[in-house]
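Undergrad: Read top to bottom, the protein sequences are chains P and D.
Just so we're aligned: the first sequence equals residues 794 to 1197 in the numbering used here.
Just so we're aligned: the second sequence equals residues 49 to 422 in the numbering used here.
Source of the hints: derived by calculation from the structure; they are not laboratory data.
The reader is advised that the hints may include incorrect statements.
To be verified - Within a straight-line C-alpha distance of at most 25 Å, the following computed PhoX-like cross-link-like pairs (lysine-lysine) qualify:
no., chain 1, residue 1, chain 2, residue 2
1, P, Lys946, D, Lys185
2, D, Lys207, D, Lys185
3, D, Lys383, D, Lys293
4, D, Lys383, P, Lys919
5, P, Lys946, P, Lys974
6, P, Lys895, D, Lys346
7, P, Lys895, D, Lys388
8, D, Lys75, D, Lys202
9, P, Lys895, D, Lys383
10, P, Lys943, D, Lys71
11, D, Lys185, D, Lys71
12, D, Lys388, D, Lys293
13, D, Lys357, P, Lys919
14, D, Lys346, D, Lys383
15, D, Lys346, P, Lys919
16, P, Lys919, D, Lys388
17, D, Lys360, D, Lys346
18, P, Lys1026, P, Lys1040
Stated by the list, open to error - Sample of chain D residues with no beta-carbon within 10 Å of chain P, all distances over it, derived:
no., residue
19, Thr153
20, Glu161
21, Pro171
22, Lys388
Quick reminder that beta carbons are idealized off the backbone N, C-alpha and C, glycines included.
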Amino acid sequence: MSEQTLERNIFAEMGNRYERVIKAGQEGTPVVWHPFNVAGEIFHALDLVPVSVEVFTTYAMNQLPEGIHPYLDLAVERGLPESMCSAQRGTIGMYEAGFLPKPDLIVSTLGGCDPNSKAYEYMSEKYEVPILYLDVPFHSDRRAIGYFEKRFKDLVTALEEMSGRKLKEDRLREVCELANKATELILDINELKKKVPNPVPNIYNLMSIATKSAQQGTQEAVDFYQNMLNLSKLRLAQGIHVKPEEKIRLMFMYTGFYFDPSYYGWFEEEMGVTYLSDLLVFHDCNPFIDLTSVDTMLAGLGEEMFNMPMTRQRKGSWDLDKNWLYDVLYYADTYQVDAMVFSGHAACKQAWGAYRLVAEEARKQLGVPSLRLEGDCWDSRVTPMEVIKGQLAEFFETVMESKN
Amino acid sequence: MGPLEELSEIAGGLENEYTARWKEQGKKVVGYACTYLPEEILYAVDLLPYRLSGRGAQDTSNADAWLSRVNCSFCRYCLELGLTGEYNFLDGAVFTNGCDHIRRTYDNWSEHEQALPFMYILPIPHVLDEDGYRWYKEEVMTFRDSLENHFGVKVMPGKLAAANSVYNQTRRLLRQLYNLQAGQAPPFTGAEMLAVLTAGSRIPKDEYNRLLESLIEEAETRPGIEGRTRLMIAGSFMDDPEFIKNLEGQSAVVVTDTLCMGARSCWDLTKETGDPLEALIRRYYHHASCPRMAGEYKNRLAFVQEQIKLAKVEGVILEHIMFCDLHGTDNALLKGDLEKTGLPVITLERQYGPLADSGRIRTRIQAFLERIGG
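Same shape as in the complex, but just chain D (with noise of 0.2 Å):
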């Protein structure tokens, strides 16, 4: 099996053979739903951190008991998962109040039966400056001590530095496979870039760095693909490869992102230098910003043109899940901005979840490409 074929696989359904050697080696999995998150503390003492997902629930009648309607469809499909018990193969599960929606799944989730033995949420400040981050500072230390209590381990500064390296070696490579991707004949779908992408959430990520070696190798070898417009695509949370799939169709390729999942997440490295904690929260507090930080919008406008340059984009897509405010009206004003400079761009209001509305997404999708004269 290649690495494509193998990360695909792994980004496929929940459990995975990773996940399954982990455990077999007396070492617990946990999971998380934010960027906020500095994974590396868990890494550092044998804690795999696992990024949760909605994928794989048929409906949500279980966790629309209660959420609602109004609530995203990503974090009902989560709750979804974790209250039917298919999150059982997690020893714990981390949050942040990174919205409104993803801190009530974690109410609900913390105060069912199904709830795991470790439920946590870390408080994250809404600005970026100075005190907010010695607020965010003391909450990841209170993060960090729970831990330790609770799985009996001891953060190490010289594990704690060596999974910083793995996790900026992880990032290089991730930009590695974006530099191909801006080319003129990016080796990869859309689709298969958000494979790639899911599955690094999946798995340690050491062995998720050999695999990713071994793709970059393979991708020299594919033949590229070209004639097709490129598109980039920004907004909501994203883990299904199919509805990338679904929008590049056979006339577009999707060559970057600004996802949460994606280009956010890989973009900014934590220095290697100095106490690896202090460098750890210093990343992830000002790291590419999502919607939910106040008066960054600039500089999320700034990180969304720059990757449209690098990656020669002709069309930009905004998506957001509905309900998500945050990044719905992060759209509204991107779109404007960005029109301003000529671009042609689509917001889309999307459901998470089984392609329901594959077919209308599609003639949205079609109707633009022809707009762009793809």
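So here's chain P without its partners, still in its complex pose (with noise of 0.2 Å):
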């Protein structure tokens, strides 16, 4: 399967996604909407049907043909300030203009960013809908973990209790065994990534970050990522990269954009530029689910939402154990990056209050420079793509330059 076809069957998801929604709310199903660091594979194992709503604006964004603007601005005009993340403002915007039904359940996660859990109580207050909360604590030891583990073990009990659907040992383990095959996947592709040149193609990341928030869990997670495995071996195989040749490895410190999935193209075709990832999309510390019991199972999926992008990075100071440092530096390290990229998304309050922290530390311990964009990452009229390529290009001639 090529990358265009991947590319096509990822986005045509968005179709069958909605009408699964509306299908859900006709049948009695009750849906129920997430952030994308909730580990879906919850809501697969209780059959109910999740809206990972961030995905959900991303797949809106490029495949709606009037675009995402109106459902931003809409969001806005009802009362949502505007400052908050384009994110969730594009689904509240969605649900707003009446093409989205009412979500039986919300579920938000705490701790990591104010906006993101501030538009999830904001849905659940001004729509009416209940909402359960799972609290990140602080920091990151064998006490934090405890208490997450058991947050969000109270929360699958409190989902079976309000949905009414009992877990079954049998339908858990099924979910958690194609979440481990997927697992396996995404790290057998960033095996690949480590090589010099990178074979696995750069729009990789869009697709990764939607699959693995959306459908972890799933046949066609596995499916996906099978897929995109055995086309980065043929690349490998055939000596396909990014073209002319490999210059500049780069990795966005946190989010990449997400409203043009073109420029993953530009950086392939046009700057030589290997995207490795986002810190959004690697995912080397996603944890393997120990299957034995309902209690490992649980255990695992905890854990796994413990480590997910942005709870990992965001919940403590940015220099704590297993934090944004943390991770930056062992990225950075691991896949020989050249150089980093903070794309400045407007909402990411407490990115942009510890990006100099992260870069300057990164620089000083591994020479890796960064550049610092503002943008928005779901809305381009903030900064639109040709500005951003423009600065981009910029950054890599130096790069190149105080490499060569």
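Two chains, each in its own frame: build the complex with the hints.
TA: Following this line, the structure appears as structure tokens:
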């Protein structure tokens, strides 16, 4: 399967997902809205219909003829502050426009990002939808993991009560087995990314965010990662990589830009830049789930969720163990990164507040330079892609000069 | 100098005669940044809790090199004072993860050469339940231990019980003031009240209590303010009386608030029986909540409505500092819910710091007052 076919399939999933949400409402299957840093396996195991809100905004942005702008604006017109994150604003606007049915339940995480968690509280209060919160502690030590795992298990109990669905061990194991298969494939793909030049196509990163967030624990996710692994291996065998040669191995220090997937191709075809990943995609720390019992499986899902992007790097101070600096240094070193970019997504106040600390430390410890951009990852009007490309091109020239 | 004048003077500058006297006695002063920090623990070991402010800085040029334009201006002004050494009279600063902005203020200040000898961040859960309480209690106890180790002190139960009592007395006196403000002819303007509240966060509470008692006596001799539209203000952190003065003009008076420096800080008392540390931690965990606490919106709405009713409010100002998503979003919900009751509401997005946009705000408030009929 070619990368173009894979890309088409991924975006076609938008239509499938929308139909599933509508059908779920008609059939009485509860629909759950949740952020991307929730381990969606639990919803699949309970046979609920999950909507990963940020992924849904991304799908819609790339598939709707009118784009996402009218919905971003409508959410603000109806009260949500403009400084809130466009990743949720898009779906909120689609709901306000009557494009989406009312969800039955919302699940939210707390502690990683104020705009993210506040957006879910806003939806719950304004639309009168029951909500379950999962509090993420500040630290990453054993005590913190214990606190989080207990909360996750309590959340599952509450999900069962509120949805009227009982968690069945066999079904949970089936989902967790699929999740483990997908994790294995993700790690295999990451191993290929370590090669110089990297054979994994740049567009994989966008597709992987969507798949991991919305479909982990399903056969569709396994199929996607298997196809991508096969394609990458084929590219490796055939010597296919960024053109004409891999000049720069690039990492985005947090989010990438999602409003214009063409830039992955631009990096690949015109710049000779490998887009290794942004921090939302790597998942090297994703655990394998112990399938022994319900308890071990829930503990595994809890651990997975504790290590989800944003939760992992945003819950405490920048230089704590397994936090932002830790991950930036690990990934930059492990994947032989030449340069880093901070996209400067306007709503990421916590990222903006620690960017310079992390960037300076990465330069000091690894000698890796970084570029700070200003933009909005889902709203092309804040900084248009042509402007972003211009700034990146200048940065690449500087990086190449210092490399040579 | 009368008590109001004295309190206003204290509110007007960073250091004051009380902090100077405290330091002359060889005692330490510790800054703090959030109402989820149980200050009584500091007070019980002769560490003066001093609420951090951004007032006094003329710009944020140093802070902006570390924080950014999308970080709230209150935090940037605070950091500016920290990075330029204006807070060097403090012996330490304690932060919480109250919001994304303030925790990054801590991150940047604590890494800077102007970091104070004791820099600490107290992690607080984002939900109110028994698991969260246990977590918070453990964190407060770890904080207490760090404080004891750093400053070579010991928090004794008797001293803590006494501190709890002094702080409760402050809250009772402030409630008396709020009750006076809720009367037909409030003795003070909202700007004066904010100066009184701000001063209280910068001096020892026993001294503050004496000043409050005198102020309440003085209040009874004042003619009272009548014929003005009665407003409430709610939203982001505020310690600038000039901002309120600008809102009030000649035709309005802010009679109550739900600010963290104001009513939210004094409405709940600490139980004075049993283990004083346990009582203190319960009080702080469960006090009238900040919008950072998830799932508490309806309680916050009820608290706002309680203040509206008590103070016979005619219009509500919901303000938030630009990029303060917690208050901005709560304000959007509050506006909808309060307007359903027929109460006029205005939302204001503002910047913290010197009154750069005072004209714009004044114009909007005048239009709002006309809408109310004031």
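Undergrad: Tell me the hint numbers this structure goes against, listed in increasing order.
TA: 10, 11, 12, 19, 21
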